[in-house]
Amino acid sequence: MSANPDNEISSLSELLTHAYAIEEDAIDRYHMLGDQMEVHNNHELAKLFRDLAGHEEKHAAEIKARAETIGLMNLKSSEYKWPDTEGPELAALDEAHYRMTPWHALQMALKAETRAFEFFDHIVNTVTDPEIKKWAEEFREEEAEHVTLVERLLEKNPEPPAGWADDDDPPNLQE
Amino acid sequence: MNVSAPLKASDFKSDLKPVWCPGCGDYHVLLSLTKALADLERKPEEVAVISGIGCSSRIPAYLKCYGFHGVHGRSLPLGTGLKVARPDMTVIVAGGDGDGFSIGGNHFLHACRRNIDLTYIVMDNRVYGMTKGQPSPTTEPDWDSALSPGGTGLNPFHPLVIALASGANFVARAFSGDIRGTTKLISDAVNHPGFSFIQILSPCVTFRPEQKEWKSAIHAPPVEATDDPARAARRIMTDDGFNVGVLYRGDRRPYKIGDGVEHKTVADLEQEFQI
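First to last, the sequence lines map onto chains A and B. All the letters of the first sequence, read from the start, carry residue numbers 1 to 175 under the numbering used here. All the letters of the second sequence, read from the start, carry residue numbers 1001 to 1275 under the numbering used here.
It should be emphasised that the hints constitute simulated quantities derived from the structure, not laboratory data. Nothing here was measured: the structure is a model prediction, and the numbers come from that model. Not one of these hints is a red herring.
Just some of the chain A residues that point at chain B, by a computed CB distance under 7 Å:
1) Q36
2) N74
3) K76
4) T85
5) E86
6) H97
7) Y98
8) N172
9) Q174
Below, a list of computed lysine-lysine pairs in the DSBU-like style, where the Cα atoms sit at most 30 Å apart:
10) B:K1064 <-> A:K58
11) B:K1013 <-> A:K76
12) B:K1017 <-> B:K1215
13) B:K1017 <-> A:K47
14) A:K81 <-> B:K1013
15) A:K81 <-> B:K1008
Using N, Cα and C, we set each Cβ at its ideal position, and we do this for glycine too.
All chains should be built: construct the whole structure from the sequences, respecting the hints.
Structure, rendered in structure tokens:
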């Protein structure tokens, strides 16, 4: 992540705005993936993505409640200080596959939660304002809990055997 | 005073679920387009997205603004007509490489030449995905598939150079996976007067799974955008095809209705047709 001081979170409201956007974007992303799986008749995965979205919804509501007195900022997409091309807690769309399994979805979620943890960890380690630091530590702690939760789910959903993507009637059949 | 909340990207998404393959680059383009429209602070009723035929041309259905899913290759005439009739609207024309450069190739040339104030986004995956993977105008000559054994051996169409040579006023290349960059390019293109063209490299994971590697090949252009078409052409012709960003930003005045023609009323025209 860039240590550019211009890219630093400079107020509590800005921190909460980023924290809330992380959750809101994650909700949209999981629903988008849920829609894809529904369209492609992978209903087990559709339900899993909806469940992940539901989890993020609870977290978003908590942040919104905490932000009530401080207020959230109205930022354009280019004004968010994300370290990468989009918010850190977003499952990568290009890793989706119509025959993906719960293990794949949870791997996507694990990467997303880890990136969110790293985002707040960076703020904790670079910000000078003690109040922003304190709140960022709390968000970091919550993301660490999410990482643990996804890791626990992964224990119950092991990696599928090779050939999980095999399809007797693949969509790219040209004959 | 009643101040309404600014629109978000999700306000531009329709309730229809896209039928694109999971992993398709067009999902990223949809996200970038909705983010750009929110950043531009346009209202849905001020925007029209016009498309032709193909996977990517489904995009108007997934947006909550005016849309027209038109005829194959004819999205630009539709968009041109709309912009001339309703210059107050933000007109975005979208589609794929087959639709835009083969079936609609002639319209592409003349839309650049006319320099109407609209934005043309081509989601280029170098294949006809919807019809099962035939080579498109931008397909590499040696791309081997069941439908083109050994490859076509044909020189690929170079849309950016052709746009430049034909008179487009803003020429850019984007990569679908770079959502922040693509969002910014779409906003810049819409804000730039005249005909703006963005070639968005958007992988087809079903027929061209090797395009997943584009993610690691993409890089920003080493120099700033130029307003010198000759310099821009040289740069585009000699780059590796993976430079993303604004490659040319011209200052040609956009076409306006009435340019070069005398304004006439219906009564005047009726008078001329009287025998």
